[in-house]
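Please arrange chain B on chain W, whose structure you already have, making use of the hints.
So the protein sequences, as listed, match chains W and B. Following the numbering used here, the numbering of the first sequence begins with 1 at its first residue and continues without gaps. Following the numbering used here, the numbering of the second sequence begins with 1 at its first residue and continues without gaps.
If you're looking for bench data, these hints aren't it; they were derived computationally from the structure. None of the values given here were measured: they were computed from a predicted structure. Any given hint might turn out to be false.
Identical copies carry no separate label here, and so any pair may be met within one copy or between two of them.
[Unchecked claim] No more than 25 angstroms apart at the CA atoms, straight line, and that leaves these computed lysine to any residue pairs for SDA-like:
#, residue 1, residue 2
1, Lys225, Tyr54
2, Lys306, Lys332
3, Lys153, Ala25
4, Lys315, Leu271
5, Lys332, Asp353
6, Lys369, Pro359
7, Lys272, Glu285
8, Lys185, Ser351
9, Lys213, Asn223
10, Lys369, Ile358
11, Lys332, Lys369
12, Lys369, Asn333
13, Lys356, Tyr189
14, Lys272, Tyr189
15, Lys332, Leu173
16, Lys356, Lys369
17, Lys205, Ser347
18, Lys41, Glu234
19, Lys22, Ala357
20, Lys95, Asn53
21, Lys315, Ser347
22, Lys89, Asn226
23, Lys153, Asp286
24, Lys52, His86
25, Lys41, Tyr249
26, Lys354, Val131
27, Lys354, Asn188
2 protein chains.
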Amino acid sequence: MAKIGAIITIDEAMQLALAEAKKGAGFTSPNPLVGAVVLDKNNKLLSVDYHKNYGGPHAEVNALNKLNDRQLEGAKIIVTLEPCAHEGKTPSCAKKLATLPISTVIYAVEDPNPLVAGKGLEILKESGKEVIHLSHYENEAIELAEIFFTNQKLKRPFVSLKVASSLDGYIGLQSGESQWITGEKARNYGHFLRATHDAICVGAKTFIVDNPKLNIRHNDFPNKKNKVIVLDSEGNLSDKIKSSNLIKYHSLEDILIIHPEKIKNKPEQDLKLIPVKYSQGFDVEDLLDKLFEKNIFSLLIEGGAKTYQLFLESKKFDRLFCFIAPSLIGQKNGLSWTKDLVTRSLSEKLSFDKLKAIPLDPDILLTMKTSDNH
Amino acid sequence: MAKIGAIITIDEAMQLALAEAKKGAGFTSPNPLVGAVVLDKNNKLLSVDYHKNYGGPHAEVNALNKLNDRQLEGAKIIVTLEPCAHEGKTPSCAKKLATLPISTVIYAVEDPNPLVAGKGLEILKESGKEVIHLSHYENEAIELAEIFFTNQKLKRPFVSLKVASSLDGYIGLQSGESQWITGEKARNYGHFLRATHDAICVGAKTFIVDNPKLNIRHNDFPNKKNKVIVLDSEGNLSDKIKSSNLIKYHSLEDILIIHPEKIKNKPEQDLKLIPVKYSQGFDVEDLLDKLFEKNIFSLLIEGGAKTYQLFLESKKFDRLFCFIAPSLIGQKNGLSWTKDLVTRSLSEKLSFDKLKAIPLDPDILLTMKTSDNH
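One chain only, chain W, in its complex shape:
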């Protein structure tokens, strides 16, 4: 990694900004992850920074705050996302940049919000800055801020499915035995995923059989609280939840129980109950609308098989995280995570793209995107 004071290329600067941005993962929701790098007029690296937390200064401001006007004379700023045009929790970054003696603004992707897309760039151009789109980093920059892009473009939470299976696709035994398929590094990464999604969702059976805690147990997020969602298709879990691990590890207001809208709630319950359209299964579109209204911008689905099925069939999900253990369980007693999924011919199978592998010795994480969402 380049050090402050080194002469680097624009490509190296963008790669640095993309890497730096990731340090904000888990702290910026609903804002995107953004990184920024400042080079002086001779391409000497002056500063690197990122958007650290929601409500805090944007990446550009963090990167610029350390520098004085003399240093910025003729400098370039390289950002992963178009500088914002609007005043929100913080002043407009584009307007701030317009007042500084920098000469050039280089970005990887425009803001996904059609109402503001390009407006930051316009402000910068009008102020006389050279504005350069480094388009070969566009896909990477979208992926970096994929939750934000999905929120802006589809007006719904970003949905991830997290599965831990054997090599042959079994998440446990049909008998219900399901613990410890993957090892410690994979489980730790699973907690990182919990920390980087606003809410974790499980089905009724997983809640009943596993009595899961669903909290975040990860050294980088010692104090982070997350929301949990239980899909209560029978509308009868409220009492069980009150004596479960969920109640021990979460505040009442962080537990959301989804029930079919036709089943009436008992008025005395102090849990958050959310009615959702239901026929054979929950209507995923309605479910995601309701969660988005409650400021849940990203959702991690942790099973079981029926809940995976619901989201797989709806096609309203964005990313798969498959932790795969180097082991075989076999179909005779194994519980397949796609046990109810039907594929009539191979040309019809559900396909994903942008497969990436992350080694988590002794296991491996395969992650990929749904092909057609954006």
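Just chain B now, kept in the frame of chain W:
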């Protein structure tokens, strides 16, 4: 990669030798893959070479042949495997090295054959050479020559299982539809695996349903012929084989048909029929003994589910190659490659180690070793 004339470290030299050795893959059987690097007395890289083909000169000889005695004064040779002590197809490498003005021989692992292990090192020490075991490369050097190590230590062929499945572990549909789960790069790598194993083995059902060619279609191996083995559990496939694709793409002597030893062969057949012990399924130990006798030193099992099962249950296999496509098929219509495998409790599941991922866009190859063979 270091260039001739560069000053490199011993570690870099060993890494270079390990990488160079792999160029022999598919051409050296039953000899191991071996690489050799020569450094002069100042650690300047003089030459890099490998064992190119069975019967040809060993890696050490190829690396040394380019150099004269003046260059070798005080030089070091770095080899992935202990130099051989015995005269075989070629003269003893240890004896040759003993006569040269090199000062040091550095190796990663001893010969696995207990009859000759250490003898090459003794010859070298007696001749006054400094002999150094670079033990932190031992595992990698064993893996490089894993076929040879298995042959020498277990006196049976090295057995690999090759599977191409969806993410959820299905190799096709129960209806029999099975083509094109993985893409072109994965299929090309599959042909590389065919080229680097002496024989390919399929079960009766795969032979009947797919009528496979089982030949090598890979640019690096334009003329290579391989043996094919069909597990004919009913002992009635000879006629079908005579009108199959196998006969079009292979010489008669390269097709081996395994049948239960109690079923008598028709004497008029000109195919190679090999009787093997059978009760409920073929006895894998007897099968591997028979194939080893016929100079088959490595075996690639290509399915189907019943044949995978036979080898999985026997535990007499060494490596899994799982090509995984970023797609889901689902259990309802999917054909699991472990459909008959039984795991009574998760602690009993078949486990592997040394998982490695090789990206083959859009798919991925996960390869791993059985845990307990050597």
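Tested hints:
no.: 1; hint: Lys225 x Tyr54; in the structure: within (15 angstroms within a copy, 63 angstroms between copies)
no.: 2; hint: Lys306 x Lys332; in the structure: both (19 angstroms within a copy, 13 angstroms between copies)
no.: 3; hint: Lys153 x Ala25; in the structure: within (20 angstroms within a copy, 50 angstroms between copies)
no.: 4; hint: Lys315 x Leu271; in the structure: neither (29 angstroms within a copy, 52 angstroms between copies)
no.: 5; hint: Lys332 x Asp353; in the structure: between (30 angstroms within a copy, 23 angstroms between copies)
no.: 6; hint: Lys369 x Pro359; in the structure: both (18 angstroms within a copy, 16 angstroms between copies)
no.: 7; hint: Lys272 x Glu285; in the structure: within (20 angstroms within a copy, 62 angstroms between copies)
no.: 8; hint: Lys185 x Ser351; in the structure: between (27 angstroms within a copy, 17 angstroms between copies)
no.: 9; hint: Lys213 x Asn223; in the structure: within (15 angstroms within a copy, 60 angstroms between copies)
no.: 10; hint: Lys369 x Ile358; in the structure: both (15 angstroms within a copy, 19 angstroms between copies)
no.: 11; hint: Lys332 x Lys369; in the structure: between (30 angstroms within a copy, 24 angstroms between copies)
no.: 12; hint: Lys369 x Asn333; in the structure: between (30 angstroms within a copy, 24 angstroms between copies)
no.: 13; hint: Lys356 x Tyr189; in the structure: both (15 angstroms within a copy, 18 angstroms between copies)
no.: 14; hint: Lys272 x Tyr189; in the structure: neither (29 angstroms within a copy, 53 angstroms between copies)
no.: 15; hint: Lys332 x Leu173; in the structure: both (9 angstroms within a copy, 17 angstroms between copies)
no.: 16; hint: Lys356 x Lys369; in the structure: both (10 angstroms within a copy, 22 angstroms between copies)
no.: 17; hint: Lys205 x Ser347; in the structure: between (32 angstroms within a copy, 23 angstroms between copies)
no.: 18; hint: Lys41 x Glu234; in the structure: neither (65 angstroms within a copy, 79 angstroms between copies)
no.: 19; hint: Lys22 x Ala357; in the structure: both (17 angstroms within a copy, 24 angstroms between copies)
no.: 20; hint: Lys95 x Asn53; in the structure: within (21 angstroms within a copy, 68 angstroms between copies)
no.: 21; hint: Lys315 x Ser347; in the structure: within (16 angstroms within a copy, 35 angstroms between copies)
no.: 22; hint: Lys89 x Asn226; in the structure: within (22 angstroms within a copy, 68 angstroms between copies)
no.: 23; hint: Lys153 x Asp286; in the structure: within (17 angstroms within a copy, 62 angstroms between copies)
no.: 24; hint: Lys52 x His86; in the structure: within (19 angstroms within a copy, 66 angstroms between copies)
no.: 25; hint: Lys41 x Tyr249; in the structure: neither (52 angstroms within a copy, 65 angstroms between copies)
no.: 26; hint: Lys354 x Val131; in the structure: neither (29 angstroms within a copy, 48 angstroms between copies)
no.: 27; hint: Lys354 x Asn188; in the structure: both (23 angstroms within a copy, 20 angstroms between copies)
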